[in-house]
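Order-wise, the sequence lines are chains A and B.
Take 1 as the starting number for the first sequence in our numbering and just add one per residue.
Take 113 as the starting number for the second sequence in our numbering and just add one per residue.
Calculated from the structure, these hints are not laboratory results.
Heads up, some of the hints might be wrong.
To be verified - Here are the simulated DMTMM-like cross-link-like pairs (lysine to aspartate or glutamate), alpha carbons at most 25 Å apart as the crow flies:
#, chain 1, residue 1, chain 2, residue 2
1, B, 115, A, 59
2, A, 9, B, 194
3, B, 115, A, 73
4, B, 164, B, 126
Unchecked claim - If you want a taste of the chain A side facing chain B, the calculated C-beta under 8 Å gives, among others:
#, residue
5, 8
6, 10
7, 12
8, 39
9, 100
10, 101
11, 102
12, 103
13, 104
14, 105
Glycine included, each C-beta is placed from N, C-alpha and C at the ideal position.
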Amino acid sequence: NAGVTQTPKFQVLKTGQSMTLQCAQDMNHEYMSWYRQDPGMGLRLIHYSVGAGITDQGEVPNGYNVSRSTTEDFPLRLLSAAPSQTSVYFCASSYRVGQPQHFGDGTRLSIL
Amino acid sequence: DAKTTQPTSMDCAEGRAANLPCNHSTISGNEYVYWYRQIHSQGPQYIIHGLKNNETNEMASLIITEDRKSSTLILPHATLRDTAVYYCIVRVAIQTSGSRLTFGEGTQLTVNP
Numbered sequence: 001n002a003g004v005t006q007t008p009k010f011q012v013l014k015t016g017q018s019m020t021l022q023c024a025q026d027m028n029h030e031y032m033s034w035y036r037q038d039p040g041m042g043l044r045l046i047h048y049s050v051g052a053g054i055t056d057q058g059e060v061p062n063g064y065n066v067s068r069s070t071t072e073d074f075p076l077r078l079l080s081a082a083p084s085q086t087s088v089y090f091c092a093s094s095y096r097v098g099q100p101q102h103f104g105d106g107t108r109l110s111i112l
Numbered sequence: 113d114a115k116t117t118q119p120t121s122m123d124c125a126e127g128r129a130a131n132l133p134c135n136h137s138t139i140s141g142n143e144y145v146y147w148y149r150q151i152h153s154q155g156p157q158y159i160i161h162g163l164k165n166n167e168t169n170e171m172a173s174l175i176i177t178e179d180r181k182s183s184t185l186i187l188p189h190a191t192l193r194d195t196a197v198y199y200c201i202v203r204v205a206i207q208t209s210g211s212r213l214t215f216g217e218g219t220q221l222t223v224n225p
């Protein structure tokens with residue numbers, strides 16, 4: 001039981017590049033979400049999903065896309081990277097919405 | 113979600129109990145108290161949550177006052193690996209919209225050898 005697995009752990013991009021941050025969980029959790037954490041800002045919700053085929057926007061969704069084709073995977077896509085997207089990204093999951101969340105170890109992303 | 117107040121930092125000797133307080137005087141009747149922690153450079157980790165009764169699990173105990181305006185997280189035998197920022201969060205358990213966790217400043221707990 002690996003919990004929530006995020007890849008890659010570190011990534012450097014140039015402005016305008018696109019990439020996908022991967023998130024997978026093996027706990028059969030319905031709810032999955034993406035946060036970003038910036039110094040002094042706490043966690044901010046980007047997108048979330050309450051089940052396969054269902055996604056919705058959080059508080060800072062601009063510049064990011066998500067999809068949920070399976071229960072296990074919830075990838076986050078940066079469409080055209082900008083320096084303002086430099087952050088640490090965390091994926092989290094829970095059995096159902098509102099239940100205690102399990103977090104991955106994060107992806108540290110730098111946009112030059 | 114109700115606002116919480118925690119001390120900025122605390123120290124604890126290894127092997128001793130760490131008692132982390134949290135004030136949540138505006139808590140509503142249907143709001144739970146959750147505790148998470150974040151060890152440096154790792155993702156947040158869920159510790160425990162409760163409504164009004166004291167709770168205990170393999171990681172910690174949660175003591176909630178009778179008026180529910182404050183609570184204490186207890187790590188019974190702190191180790192160096194418990195050094196982390198501890199967040200007290202008050203929120204309803206089941207939410208219909210995006211289940212956003214609002215992390216405040218938290219308490220930096222340093223466990224000393």
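Status of the hints after comparison with the structure:
1. Simply put, residue 115 of chain B and residue 59 of chain A have alpha-carbon atoms about 19 Å apart, close enough for the 25 Å limit, and the pair holds.
2. With a C-alpha separation of about 23 Å, the suggested pairing of residue 9 of chain A with residue 194 of chain B holds against the 25 Å cut-off.
3. A C-alpha spacing of about 33 Å is found between residue 115 of chain B and residue 73 of chain A, which places the hinted pair above 25 Å, so the restraint is violated.
4. Between residue 164 of chain B and residue 126 of chain B the CA atoms are separated by roughly 29 Å; this puts the pair beyond 25 Å, and the hint is violated.
5. Hint status for residue 8 of chain A relative to chain B: violated, with the closest Cβ pair at about 15 Å, above 8 Å.
6. The interface hint given for residue 10 of chain A is violated, since its Cβ lies 11 Å from the closest Cβ of chain B, which is over the 8 Å cut-off.
7. Because the smallest distance between the Cβ of residue 12 of chain A and any Cβ of chain B comes to about 17 Å, over 8 Å, the interface hint for this residue is violated.
8. A hinted interface residue such as residue 39 of chain A counts as satisfied when its beta carbon comes closer than 8 Å to some beta carbon of chain B; here the least separation is about 12 Å, so the hint is violated.
9. Annotation: residue 100 of chain A was flagged as interfacial toward chain B, and the flag holds, the nearest CB pair being 4 Å apart, inside 8 Å.
10. Of the supplied interface hints, the one on residue 101 of chain A holds, with its beta-carbon coming within about 6 Å of a beta-carbon of chain B, less than 8 Å.
11. Among the interface hints, the one on residue 102 of chain A holds; its C-beta lies about 7 Å from the nearest C-beta in chain B, closer than the 8 Å criterion.
12. Residue-level restraint check for residue 103 of chain A holds (minimum Cβ-Cβ distance to chain B is 3 Å; threshold 8 Å).
13. With a least beta-carbon distance of about 5 Å to chain B, the hint placing residue 104 of chain A at the interface is held under the 8 Å criterion.
14. Because the closest C-beta pair between residue 105 of chain A and chain B is about 5 Å apart, less than 8 Å, the hint holds.
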